[in-house]
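Asker: These protein sequence lines map, in sequence, to chains Z and G.
Read in order, the letters of the first sequence are residues 1 to 268 in this note's numbering.
Read in order, the letters of the second sequence are residues 1 to 268 in this note's numbering.
FYI, nobody ran anything at the bench for these hints, they're computed from the structure.
Heads up, a few of these hints could be off.
Note that the list lumps identical chains together, so a pair holds whenever it fits in one copy or between two copies.
Below, computed lysine-lysine pairings styled on DSS-like, alpha-carbon distance capped at 27 Å [what the hints assert, rightly or not]:
#1 Lys-212 with Lys-157
#2 Lys-50 with Lys-221
#3 Lys-34 with Lys-221
#4 Lys-34 with Lys-170
#5 Lys-245 with Lys-167
#6 Lys-221 with Lys-97
#7 Lys-167 with Lys-37
#8 Lys-34 with Lys-167
#9 Lys-37 with Lys-170
#10 Lys-170 with Lys-50
#11 Lys-97 with Lys-50
#12 Lys-190 with Lys-143
#13 Lys-30 with Lys-221
#14 Lys-221 with Lys-52
#15 Lys-170 with Lys-245
Protein chains: 2
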Amino acid sequence: MTNEQKMVKKSFLNLRDNLVKSFEKIDGGKFNFKSWKHSGSGGGTMAIIKGKVIEKGGVNISTVGGQFSESMRSRIPGAKEDPSYWATGISVVIHPKSPLVPSMHFNTRYLNTTKKWFGGGMDVTPSNKFEKEKKTFHQKLKKHCDNHNINYYKDHKKWCDEYFYIKHRKEPRGIGGIFFDYLNTEDFKKDFSYVKDTGKLFYNYSNYIIEKYKDHDWNEKDRIRQLRKRSRYVEFNLLYDRGTKFGLETGGNVEAILMSMPPIASWD
Amino acid sequence: MTNEQKMVKKSFLNLRDNLVKSFEKIDGGKFNFKSWKHSGSGGGTMAIIKGKVIEKGGVNISTVGGQFSESMRSRIPGAKEDPSYWATGISVVIHPKSPLVPSMHFNTRYLNTTKKWFGGGMDVTPSNKFEKEKKTFHQKLKKHCDNHNINYYKDHKKWCDEYFYIKHRKEPRGIGGIFFDYLNTEDFKKDFSYVKDTGKLFYNYSNYIIEKYKDHDWNEKDRIRQLRKRSRYVEFNLLYDRGTKFGLETGGNVEAILMSMPPIASWD
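Isolated chain Z, as found in the complex (with noise of 0.2 Å):
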């Protein structure tokens, strides 16, 4: 490993030290942790809680190496030249348990092949209104992206919006945040910094959000909107997806790939 990789690695598995940390305080439950192999080099770590707050969340992180399938590498920057890669990333999603409380994805990624790229970005899919809410979260994104590069935060909202896009429904999947990929300006420093402080942020904001509405009441209603609402993102994930196809797709580990399905979804 580089010392770049070696660095990026590092910060990854302090965020998902921190993120366990703070959701198993918030929830009262424990994570379950499992290790998996990579089918190329390395492999990964997922921990999955069942809690009383948090209905269902996964913190993924992984390092792999291997070889990009002949299909892959026109697909792929850099991988044309030589299909070697590696890879090391954090992938978070929670479900809460109170239909008050948004579903939230977070997800950062340093790839690189005969180039090098971070990737990433959080979202945030409520089932109920959430207008003020969704407000305060774009600030709070708009000013993370502005203390990095004055043109992140609409670009970056942008790349989310027509991402996270059920295209089938007409519908949103959520009510956006921030998604960006291929991002490399040639200054390394500059760019972790931007994905470090994606995750302090996706820290700060799930902290955030959790403790204000955990405890407020919510009736059968809410919760038929929640489930609802979750099939829609089993609809996204399993039909649009990139990571969950391409995971599928090359034979990765699909316990870990499918950890963001909802634990309980409805099409009634």
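Knowing the structure of chain Z, use the given hints to seat chain G on it.
Answerer: For chain G alone, coordinates are given in the frame of chain Z:
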């Protein structure tokens, strides 16, 4: 419409009426009917029941026409010469409330391009141990197939096993059944009779198996197993089912296409 097209369409409509009548009798509830128009010509009617015995069940019929898109032409027999198509079909999915009654799926269709053929099949997805019933189910299928062609059971069972296979989980969706496509022996009456008898068998079998188990006791563990099994059903339909993919990609009626989704499913 040709005489053949009229006959097939009418027979699917009859089957729909019989299935709806028998399911309403078993359940005590009523189907809700909703018609939709196709982007080309024609359209369909979906009938959905959300009842006490049938937690969610749908019976769709449709008769549509149009022109296959450029990308479809090379994949559909006879469409290269002329992209016009005409199709009529019936499709049924039943998700019973009791975990002791399997989910059941049936469909048949008649497609005309410059070629003509039938397609269809039926299969069953229990969540409990179903060993004895599995044997009976396949005996009935074999008897039915043998009435028409001594190779059909072997061939169409194999096709079903291969089709309804959840690759990423390395497990079958259910306990099999029969599946066929591009059926044209150049004896329309013979092929049509096989298709009609498949419908009759589904009618008889679904009535038989629901009646047999609907009032048997089950417990929370049975229900949990059922909801988990249903999540695999969702995964199959969204990731692999050709009809679902075809429908969503060609701008079909989303509600009709996703009628097959279970009322509630869990990835707990």
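Asker: None of the hints should be skipped; say for each whether it holds.
Answerer: Results for each hint:
{"no.": "1", "hint": "Lys-212 with Lys-157", "verdict": "within (25 Å within a copy, 55 Å between copies)"}
{"no.": "2", "hint": "Lys-50 with Lys-221", "verdict": "both (23 Å within a copy, 18 Å between copies)"}
{"no.": "3", "hint": "Lys-34 with Lys-221", "verdict": "between (35 Å within a copy, 25 Å between copies)"}
{"no.": "4", "hint": "Lys-34 with Lys-170", "verdict": "between (37 Å within a copy, 20 Å between copies)"}
{"no.": "5", "hint": "Lys-245 with Lys-167", "verdict": "both (16 Å within a copy, 12 Å between copies)"}
{"no.": "6", "hint": "Lys-221 with Lys-97", "verdict": "both (14 Å within a copy, 21 Å between copies)"}
{"no.": "7", "hint": "Lys-167 with Lys-37", "verdict": "between (34 Å within a copy, 19 Å between copies)"}
{"no.": "8", "hint": "Lys-34 with Lys-167", "verdict": "between (34 Å within a copy, 22 Å between copies)"}
{"no.": "9", "hint": "Lys-37 with Lys-170", "verdict": "between (38 Å within a copy, 18 Å between copies)"}
{"no.": "10", "hint": "Lys-170 with Lys-50", "verdict": "between (32 Å within a copy, 25 Å between copies)"}
{"no.": "11", "hint": "Lys-97 with Lys-50", "verdict": "both (10 Å within a copy, 26 Å between copies)"}
{"no.": "12", "hint": "Lys-190 with Lys-143", "verdict": "within (16 Å within a copy, 70 Å between copies)"}
{"no.": "13", "hint": "Lys-30 with Lys-221", "verdict": "between (29 Å within a copy, 23 Å between copies)"}
{"no.": "14", "hint": "Lys-221 with Lys-52", "verdict": "both (19 Å within a copy, 20 Å between copies)"}
{"no.": "15", "hint": "Lys-170 with Lys-245", "verdict": "both (21 Å within a copy, 16 Å between copies)"}
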